[in-house]
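In the numbering used here, the protein residues as written are 6 to 586.
Once the Cα atoms are required to be at most 30 Å apart in a straight line, the calculated DSS-like pairs of lysine-lysine come out as: (1) K278 - K570; (2) K570 - K111; (3) K200 - K90; (4) K194 - K222; (5) K513 - K394; (6) K309 - K283; (7) K586 - K248; (8) K122 - K192; (9) K90 - K264; (10) K264 - K111; (11) K348 - K470; (12) K513 - K446; (13) K513 - K176; (14) K446 - K348; (15) K418 - K446.
With beta-carbon atoms standing in for the labels, derived distance ranges: (16) F308 - E196: 46 to 54 Å; (17) R130 - G229: 18 to 26 Å; (18) A499 - T388: 29 to 37 Å.
Treat the hints as calculated values from the structure; they're not laboratory data.
Even glycine gets a Cβ: it sits at the ideal position worked out from N, Cα and C.
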Amino acid sequence: MIINRILSYFTLSLISISALFISCGKTTVENFRELSGGIKGGGTYRTNELENIRSLDPVGINDVVSHHVAHQIYDNLFDLDSNLKLVPMLAESYKVSEDGTTYTFKIRQGVYFHDNKCFPDGKGREVTAEDVKYSFDRICDPRTGSKTFNYFVNYVVGAREYYDGISEALKNEQSPKLKGVSGYKAKGKYEFEIKLIQPFAPFIYYTTLASTYVVPKEAVVMYGQDFFQNPVGTGPFIFGDWKPDFELNLHRNPNYWMKDEHGNQLPYVDNIKFSFLKDNSQQLLEFKNGNLDECYRIPNEIFKEVVNENKELTPGWSQFVLQRVPTLAIQYYGMLVTSDLFKDKRVRQAINYAIDRDKIVRFVLNGQGYMGAVYGIVPPSMTNYDVEKIDGYEFNLQKAKDLMAEAGYPDGKGFPELSLQINAGGDRNIQIAEAIQAMLKEIGITMKLEIVQFAQHLDNIDAGKAPFYRLGWIGDYPDPENFLNLYYGKNVPADPNAISPINSTRYKNEKFDEIFEEALRTIDEKKRYELYQKAEQIAVSDAPMMYIYYDEDYLLLQPHVRGIKLDPMHRVNFRHLWLDK
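Using the sequences and the hints, build the whole thing.
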């Protein structure tokens, strides 16, 4: 009965929203062309993001929404396919020295940057190894506002010196002495070398990170601080225009270097149009009305109307295509361990024991989740990693109460009110927060919600201004290190006022770091994963996070959509997308 009321309201909303789509959009005649292999080229693909873009400058990207757009504009040295296997992109190949410390990349010839006024004649020039070095140097330059510098400064020769040298020079109002990271070298026009301090088994995956997209210096210099909204890359689509909160348009790169197995030049479609409806229900109704070609996420309120118990589409939705996959992702609440609220480990543990994760998945998410996060931070979908060896947090209300009493807060008496910072635009995140609000009440903890815009949400977390916050972590690559890195003490800056975008709980444990570092030096996967598990158990026991659930993604597609496959990391790739119209 409540669902029917909700749907009636949503239907009324749809009328006004659809009118908005029609009135604000331009009527275009789409031309399609026949390609080899029975594929059709042309058309505009219409997709939606529920949150805003933070940046389109690679060094400023550490959120999935920005990555979804940027991945169409830029190329990495390597990418991951839908099975999370490495695919050569700007690097044709690579080799690693016997001691595991030197990576040499052969740069693909004949790849050109997008045409742009930043170049002398407006024509994009060929990419060289110098461009790769420049792009990697930017990650370790504090002047860029880099969000992923910690991935590199701990492992690449000279990266820490470069980062710290510039930071010190800026503090003293001097010019930096170092001109780049010594461990990055352009050896000729088409060879790029990276030297590591010591062997680091997962390092090749770092070349797939959003921050390593290759950019031309000319564009960064011309656009300056506005480069984040004037991106120039080598990718399949060229940036068109961006109206924040409304839409962003990309156009086919006619000079893209990649071809398919039939000899067709990629990409197939002419345009990608991103809209930014923040309400998931509105997004779904726009999809059903034919104004969107895909719908990522299904509103909890009507999930069971769309998907049955067998996780297949119900008769009323069977005209569409459903893709689903357990994701390499976890949803959690972070606790800033340096704050007075969360300095006591027993409080953090109590909060974890107080949460009935199974109830959240079954009744709040209506089954739209893989399972409650009763183990640790590494999801069960991580290949070859046995999460069941991690002793995590099953719901235990009495244990939670006992721990609060041991910490000096019997029945929560004397414990301050918690303020959970949560981003706007995530309906199910708010529903989960309201359920957790009630669960924490059972141990005497009062929690209020502070809803802020997504970009500000991330900025506050990075700066340590949000003691209690909601985040989700989607793997950047398929290695447990990418999740456990969120606990690594060396990712926490010595200056408490500096940003800490990776380890945002600012958790430190020397024993964890010791075992984690040993794992990173271990090439054998089985032994490395055993060390990861030992390290993870230490962090999970210290509970710097409240683990909520491991995610499962659902993607609805119009029946004419081809060439899209949902992967466990939700890496959006429109290179092989085409429309069968």
